[in-house]
Amino acid sequence: MPRMIVVDVGSTTTKALLFEQRDKDWSLCQRGEAPTTVEAPEEDVMAGVLRAVSLLERRSGLSLLNLSSEGPVFKVDSFLATSSAGGGLQMVVCGNVARLSAESAERAALGGGAILLDVFSADDGLTLFQRLERLRALRPDMILLSGGVEGASVISFVVEMCDFIRTAKPRAKFGYAHRLPVIYAGASSGAAIVEDLLGEDFVIKVVANLRPSFGMENLIPAREAIHEAFIEHVMSNAPGYGRLQELTALPILPTPTAVAEILIKYAVQRSINILCVDIGGATTDIFSVVDGHFTRSVSANYGMSYSIGNVTAAAGLERLMRWIPDGELIVSAAEMQDRLGNKLLYPVTIPATIADLLVEQAAAREALRLSFEDHLALARIPRKAGLFEPGLLDKEDSLEIGMINLIIGSGGVLSNAPQRLQAAAMLLDAFQPVGATELMVDSIFMLPHLGAFSKVDEDAALEILSNDCLIPLGTSLSPLGWVEPGSVGIEITGRSSQGRDIRGKASGGCIEIIPLATGETAELSISTGNGAHWPWSSKLTVRGGVGGIILDMRGRPLLFDEKHLTEYEAWWLRGETTEKGGEGR
Amino acid sequence: MTLQERKPRPIHKIRRLPSPGRILYPPGTKVKFDTVVGELDYAPGPLVRLDVARQLGISGEKLGDTLVKSVNDAVAENEIIALNSQFFSRHAARSSTDGYLALWSKYLGYVYIREPMPVGPREPVAIRAEDLGLNKMQFAANIVAKPGMIAAPGQLLVSGSKKAVAPALCRVTEVALREGYMIITPLFQLTEMTAFIDGVISEIPDADSCVISGMGYRFTGATGYGGEDSGIITPVLAEDRDLTASDLPKELSGIILIARRGITLEALQRLADEGASGLVLGCIDQDTLRSFSRREPLKDLGALMDLPFPILLMQGFGAAMLESTYQEMASLTGRRGAIDGSTQLRAGVIRPELLVPVSEIPFADDGLDHDAEDLPLQEGMRVVLERQPHFGAAAVIVEIDSELRETSAGTRATLARLRLDSGEECVVPLSNCRPI
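Chains A and B supply the protein sequences, listed in that same order. The numbering of the first sequence is our numbering, which starts it at 1 and goes up by one. The numbering of the second sequence is our numbering, which starts it at 1001 and goes up by one.
Read the hints as simulated data drawn from the structure, not as lab findings. Watch out, some of these pointers could steer you wrong.
For each label pair, taking beta carbons as the anchor points, the in silico distance ranges come out as [said to hold, decoys possible]:
| hint | chain 1 | residue 1 | chain 2 | residue 2 | range |
| --- | --- | --- | --- | --- | --- |
| 1 | B | D1034 | A | S69 | 52 to 58 Å |
| 2 | B | D1034 | A | I231 | 51 to 57 Å |
| 3 | A | E195 | B | D1065 | 38 to 44 Å |
Each residue gets a CB set at the ideal place from its N, CA and C atoms; glycine is no exception.
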């Protein structure tokens, strides 16, 4: 029976998944985890990988590993790996102007799967002293330099940064002896100078200008160069990766790149626009695929444990408190602060009281909302200029939530929520989707594995994604506008794929759930009134899930001074949902 | 385990210079807590860019041939740094400031001089609109500094024709737009490093750091604020209530106060006014700490919160220190302790600590007295709860469930049945327990 193991070497956990093909269909067979061993005392990622695979063996009862004197051999048809160990791919980027080349460089690096340690530009407001000191203190895996449109003369800021980099000699995170890669994607007039100034101490890779004109962005060559440098210079120097690379059938992918791979393919397969969020302890990644255009943002300051203090400071207690219901479960603002503080200090603890769970889920809503603001600021959707539009340059549109057809939630607070509807509630409140939007959670954060898998067998990876990875939470129908409480804002009628009649309505300020099971679809007619607007097609097909069809009549945007949790509290406390959440910790 | 049962153990403290410098003594040297064991060569200060090629009328490529100083050479203000002699003419470029030649650019033709760091006074300095010849509206319109911002020497604080720059490395502690002023507090850039604890220099791992070792007691907190200091251990309040100004002893200078729960703002301000060396508490009210420091307690951990003395919280927020821990500290009354508020929660976790050396000579570590926190949790072990319910309570593990089970919040976890010191039993996630 064909078998494949895919391992994601994460910052803290190495997760191995075993896939099997039975009767032509691939499916997830078993999983095994072990702590990642990139740091001392072991400083060898293979130790964690072998432990995770050993656990796979025990759980599956299969012999998957042969430890010979020549090293480990995996007894499967294919072995693949992704990695974000050691904090993932960490980069410093430089551009001449913050809102032009530096921002494009930022997008290229994030799209290449990196975490940004710092962004420098001529107008960054830093003094020379600060630039040099920061370069000295940073430990990047690589540097991306850009600046100047094509045809421009050499940009003095880029030259000065080269001088500073040469002087500061930022040391690589892994392998002090190896030369740090520097990718130059600026005006071609500067390439020879970059080679001359940095060629001796750094590995230089020159690629096409990522901002060839003011109105054009060309990120693909820089992204590809980042990926190549990651494989050739970063991974090969990370402890144990050399051996891991020898065992994998394809080059090791940075984890976010693997996530992008599968999301883009899924968006193309279903011809939809996707927003996917991965909320971790320290950072929150948001990926969007809109009209085939991929954007990734990393909010390095928003997360559920190490960064929960930043979330509290950025959102403010008032915003957090609006997600705490009044009544018996009351948590005062002072208690809220204490509980958030203790989550920061003791990041691996688990909420064991309803009050603590509500506090965490409130923080998650705000972390997601703030991270989405970051994503919106970064994402640009290229559009071809129309024939009769002035100027010949291509245009860029901003991303809007109304463009999104599917929101996927991932990360402990979403995947392990005790009730799946709580995950739906967090996604609805944080992103405030409008129109018809499917909601899903990634059951065990399998997206990176499937991204790697898709490089071998795209169809099989997409099949597993649908069958084993994504859990449908339902479809939310959220009209625009506000409706007075008590007045009906939306009504739906239709028929499900099982032949059932579907009817439902919701009044202003309320959420109503109309059952529609996972796997079911429904053809619906939608009518709105009393201030609610539905500027989209009134006939549509929706997919079911744990939450069925969610009629969200709370208005957009959600009013800040109102408590919005009432409906979820009611679902939860009345025990109306029986669908349990993730597997816990 | 009480202190009487616990033996002094080897304690080690790594001392590291923030910039290149020298360690002054060889391994084996006995040192006191205030012995200067390392010195910076110089505190790196602002970088000044000089367009030397332009001054000399040459291209940048020829700059190297004209320089009369090398990288890292000291230069004085007005001293010649480059000379261009051609035919009968001789052009000189001079440094505009005292400092060190940090780098030069052959493409741009610039020379960069690094000035020594001006350390400035420690007292806050007010920058007023009227001092700059601006009215309050103009001041508000031109201000570029934000409260909490760290400004490098020479960094712009007020823009426009009547600008103000940071005189030294400083923090902007207050911006009052309506009143037309801002307060900056210079941050010290120390050039000397002390031993911190009484002991022996046991190791010099590299040119910029050394390890001081001794025998004594180490208390690790949940989080800390501020830098480091040394003082006399002085327990002041064993009760489970906040420390008030009326609880404070008359003499506060040079002492490390220990109290079981929190502290009032008034008491904190008195400690600052009268020169206390440190404060060890069970917890603190975040609003109180925010008012005292003007910083965010959940963002600015450790040295990011610039305080007049370090604060160490043994539990975190909302729970008193364990009585047994307080008693252990109280049994060290009158001894000199070293308190370090350094806290980093990820990527090489650093927790704040109170070190109390009792002997200078490190005994051989017999390996029998490991930190309890290093051991895996098991039945019979004493633990403290790190999360509600019963946050901050001490207990003994009675039983650990082998299966994942549901908590009352619906989350699934490995659960443990505990017997609290109060005699009550409870069931909590095992991961919410920390061995003590």
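Structure-based check of each hint:
1. B:D1034 with A:S69: 52 to 58 Å: holds (57 Å)
2. B:D1034 with A:I231: 51 to 57 Å: At 52 Å between Cβs, range holds.
3. A:E195 with B:D1065: 38 to 44 Å: At 22 Å between Cβs, range violated.
Checked against the numbered hints given earlier, this structure breaks only hint 3.
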